[in-house]
Amino acid sequence: MPATPPLLTLGAIAERHGLALRGDPAFLIEGVCSLSPGIPGRIGFCADPKLAHQFAGSQASAVVVSSRNAGVFAGNVLVAANPALAFAAIAREFDSSEAFAVGIDRSASVAPSARIGDDCGIAPGAVIEADVAIGAGSYVGPNCVVRRGATIGAGSRLEANVYVGPDSLIGARARLLPGAVIGGRGFGLVPSKAGWVEMPQLGRVVIGDDVEVGANTTIDRGALDDTVIEDGVKLDNQIQIAHNCRIGAGTAIAACVGIAGSTTIGRNCMIGGASVIGGHIEITDNVLVFGYAMVTKSITVPGQYGSGIPAQPARDWRREVARIRRLPKVDERLAAIEQHLQMTPGTGDENGEQGDL
Amino acid sequence: MPATPPLLTLGAIAERHGLALRGDPAFLIEGVCSLSPGIPGRIGFCADPKLAHQFAGSQASAVVVSSRNAGVFAGNVLVAANPALAFAAIAREFDSSEAFAVGIDRSASVAPSARIGDDCGIAPGAVIEADVAIGAGSYVGPNCVVRRGATIGAGSRLEANVYVGPDSLIGARARLLPGAVIGGRGFGLVPSKAGWVEMPQLGRVVIGDDVEVGANTTIDRGALDDTVIEDGVKLDNQIQIAHNCRIGAGTAIAACVGIAGSTTIGRNCMIGGASVIGGHIEITDNVLVFGYAMVTKSITVPGQYGSGIPAQPARDWRREVARIRRLPKVDERLAAIEQHLQMTPGTGDENGEQGDL
Amino acid sequence: MPATPPLLTLGAIAERHGLALRGDPAFLIEGVCSLSPGIPGRIGFCADPKLAHQFAGSQASAVVVSSRNAGVFAGNVLVAANPALAFAAIAREFDSSEAFAVGIDRSASVAPSARIGDDCGIAPGAVIEADVAIGAGSYVGPNCVVRRGATIGAGSRLEANVYVGPDSLIGARARLLPGAVIGGRGFGLVPSKAGWVEMPQLGRVVIGDDVEVGANTTIDRGALDDTVIEDGVKLDNQIQIAHNCRIGAGTAIAACVGIAGSTTIGRNCMIGGASVIGGHIEITDNVLVFGYAMVTKSITVPGQYGSGIPAQPARDWRREVARIRRLPKVDERLAAIEQHLQMTPGTGDENGEQGDL
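Chains as they are written, first to last, in our numbering: chain A, 1027 to 1383; chain B, 1027 to 1383; chain C, 1027 to 1383.
Rather than coming from a laboratory, the hints here were simulated on the basis of the structure.
Note that the structure is predicted; figures quoted are calculated from it, not measured.
Each residue gets a CB set at the ideal place from its N, CA and C atoms; glycine is no exception.
A portion of the hints provided could be inaccurate.
[Said to hold, decoys possible] Below, simulated DSS-like cross-link-like pairs (lysine-lysine); rule was C-alpha separation at most 27 Å, straight line:
#	chain 1	residue 1	chain 2	residue 2
1	C	1323	A	1355
2	B	1355	A	1355
3	C	1355	B	1355
4	A	1323	B	1355
5	A	1076	B	1323
6	B	1076	C	1323
7	C	1355	B	1323
8	B	1219	A	1076
9	C	1076	A	1323
10	B	1076	C	1219
11	C	1076	A	1219
12	A	1355	C	1355
[To be verified] Covered, in the sense of this in silico footprint (three residues per stretch, anywhere, with C-beta under 8 Å from a C-beta of chain A), are these stretches of chain B:
#	stretch
13	1168-1180
14	1344-1350
Whole structure, please, built from the sequences with the hints as guidance.
Here is the structure:
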């Protein structure tokens, strides 16, 4: 990859990405931009039809847009069935930030028994231990540590300061962001009279192909069996995945989510930021959990789930908490009224369902 | 800076910091301490008038205090309009923990095209890529990684294991604590039939002057436009700031806060620990959000905001949750009573405002 | 320690760990496994009597189990009073993942004044500054940073990319997982007309013996006094402990917990994942806090505590929030009915206890 982004004509972009061009095929594009306000010489995109009109005056020199909204823009237009997807592919051509020098930097520490594939880049300060295997075209960034026996698939990228624990198995095209910790010790403790005793953690982390792991996200190795992240899973920053979890293929998890041990999340789920998912539960496929949710039991039916009471002015918040704390009083007052009126009383306090907690 | 803290007379301290001294100007101070119990030979401070009397017996050899409370202390006293502020300046003189060796350590990797200012210290294992510019007097600690094209202002300190992504722009006197990740890839994904496709993240992180970023805090680079942290922002540990956020000047954010993408927080805000702020919203200036809050919509009025129900004994907690789950029953019972009495019913279930979620 | 796990006979295992063997003492065991499905040639354990029957068909070649359940298993059985504890000790013998090369790697940076004990391993890229003392048999993993004046007890393990701040005092047999930050600057700020001024943080982190600190967990140094983690404390990943906290001996804290400054937690407490504990409070000994709790005030009575409303289908969640927001209306309706009936009214809105917030 070049260190300097290319200049591409609109015609070349249209051809490479199979898009219809309305405009000047010789126009030179030097980069990408957002449409508001837009940058002359660059190309932007509009994926949301409702926003097209407000971007009509963009200073961008070209727009990737669906056919339905192409008329909104007066200048150069590339028509795409899926503008966001087409733009992602175009933007990749202008992204030089992931170029790397092929070869092993002289300050890296690579064990003699490690097998490094063709066209890999091993950056300064990287440490690759014995019996590691790294697939062709992968990049191990500065000060990354890959422990003994770990395997990393072809075309992967360990950005910087990434830790990959012993015997971890990581698929192709992995993207591990700075500070990610894959395969640290799980939190396995046995109580004894002399205090906590550590249960050795001997399982692995097994990660499929095309997985992204965010900055400072941690994924613990299994206790005896493995922790498994299936193909195409996308993990944002500062997520914690405890030992023996399994995350199903295609699931995307936003930042700051915590998942306790031995929990299984299905395929094609979306977990909103800062949600917390308890241990030893199962979430089925195609579940969407809103951000900041507290998931304490299994979810067996696909759909949308949430919890949490949104913030409000502090005075109202304090009153609301006080009112919730006074709910027993509401029960009492209702019961007193019902008794007074000799009505059939509603369900009393002790019969409530408490199965969630 | 010296590695060994200095010995200073009380007279010298008073003079340097413009404080009135009541006591022995020749007394030698060898360090700072808290007042309870206090350490002989050291100086402490009292900022809270209500606590002055309980510190009266402190073993500290001198106290920085306001004039109103000076009488409480029998020994050496330095009188300051703002005791905490004066003490911070005094304490800085006794802090040798940030001394560093000027020069580039032989185990650091510095690209030939990088420009390193005068009096900088580049520590062992630090990696500084091509076209980086670092201002005078800055320190890049052990095993930090500064990517291609990044700029760091004068007098900055990257403590250790810090990551600064490509083309990041960081102002003067930045303080980046261990494990901070500035300018990692944002979590930009486009759904497709073949699974998630990564949207390249080509914006920068732009950080003003006098910004502190806590340990293991992550700030993602923008997708197309920049993620912006304005002057004087103070970020505690383990905060997550997603792509395209803007944090206004002077805002302080406590630990473990998560802020989703494209959100703007105003100036001089304070965000309490572990709060979560949704994406694409705006919080105006001078907002205080209490800890553990769930902010889901824009805040347009300055003031204090909060959410969350505090912990209580588990038995009470479970009952309370059950009561909340039975609120529909309360509505039913009220309606039945009202009907029985032929009273005008209150607002029913389906009319509630649900705009927050 | 050997890099290749050993082969041990069941007889040798029984003898070393003082367990009764029912089966073939010459049988060679090559590792450990879980019982479901189990792996031939390996040994597993059953700690939960209720699960014994479902593991009866395990393919494991031996089982550690209590005498009560020994009869469930047809094959080789090691009888232990505490199967989990016995298994932890056995598993340790098969765990070669923590073997290290004794000596100082040539790419490590060790200050001449640092004292490194016998049989230590200092890995590639590790940085050990002046006046550090490291006890015998300890391992400082790749790219760890140990600041000036820090002390680390014998038999400790700093896994990788760990930061230990200046003058930190860490006991024997510490286990610090990748990315842990011990002794970073506390978040101490003084407001001034010119913005936030940093209060120097000059206290230490003092950690007892047998403490585990999880991956990317951060523990700030004290402002003036120390932050203290007592003996036998076990901290999971991504925990934040602010300045001047004290965590009592034997307390275990699950992942993603945040503890604000100057808070004391007693001995033998258990704090569930993602809970948040406010600043300047005290939690007594033997308290269990469930996960995701919001602890805002001191807990003086041992026992179990919790908060939070579990997730539910999004439609129900939104309605529930709306109902909570309408609680004032419930009060009004109750009051109207009571007035209509000329009953003594219940406690009104303004009398509520709000002391928690």
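- Message: Using C-beta distances, would you say chain A covers the stretch 1344-1350 of chain B, given that this needs three or more residues below 8 Å?
- Response: Coverage by chain A holds here, the residue count being 7 at a Cβ distance below 8 Å.
- Message: Hint check: residue 1076/C vs residue 1219/A, CA-CA at most 27 Å. Holds or violated?
- Response: 23 Å, holds
- Message: Given the hinted pair residue 1323/A and residue 1355/B, is their Cα-Cα distance within 27 Å?
- Response: Roughly 24 Å separates the two Cα atoms, so the pair holds.
- residue 1219/B paired with residue 1076/A [C-alpha distance capped at 27 Å]: Roughly 23 Å between the alpha carbons, so the hint for residue 1219/B and residue 1076/A holds.
- Item | Holds or violated: residue 1355/A to residue 1355/C, with C-alpha atoms at most 27 Å apart | Answer holds: residue 1355/A to residue 1355/C is near 15 Å, not above 27 Å.
- Message: For residue 1076/C and residue 1323/A, compute the direct alpha-carbon distance and say whether it is at most 27 Å.
- Response: 21 Å, holds
- Hey, residue 1355/C versus residue 1355/B, does the alpha-carbon distance stay inside 27 Å? 15 Å, holds
- Message: Please verify whether residue 1355/C and residue 1323/B have alpha carbons no more than 27 Å apart.
- Response: 24 Å, holds
- Query: Does the alpha-carbon distance linking residue 1323/C and residue 1355/A stay inside the 27 Å limit?
  - Reply: 24 Å, holds
- Query: Does the alpha-carbon distance linking residue 1076/A and residue 1323/B stay inside the 27 Å limit?
  - Reply: Holds. Residue 1076/A to residue 1323/B sits at ~20 Å (cutoff 27 Å).
- Does residue 1076/B pair with residue 1219/C here, judged by a C-alpha cut-off of 27 Å? 23 Å, holds
- Outcome, coverage of the stretch 1168-1180 of chain B by chain A - at least 3 residues whose beta-carbon is closer than 8 Å to one in that chain: holds (count 4)
In terms of the numbered hints stated before, the structure departs from none.
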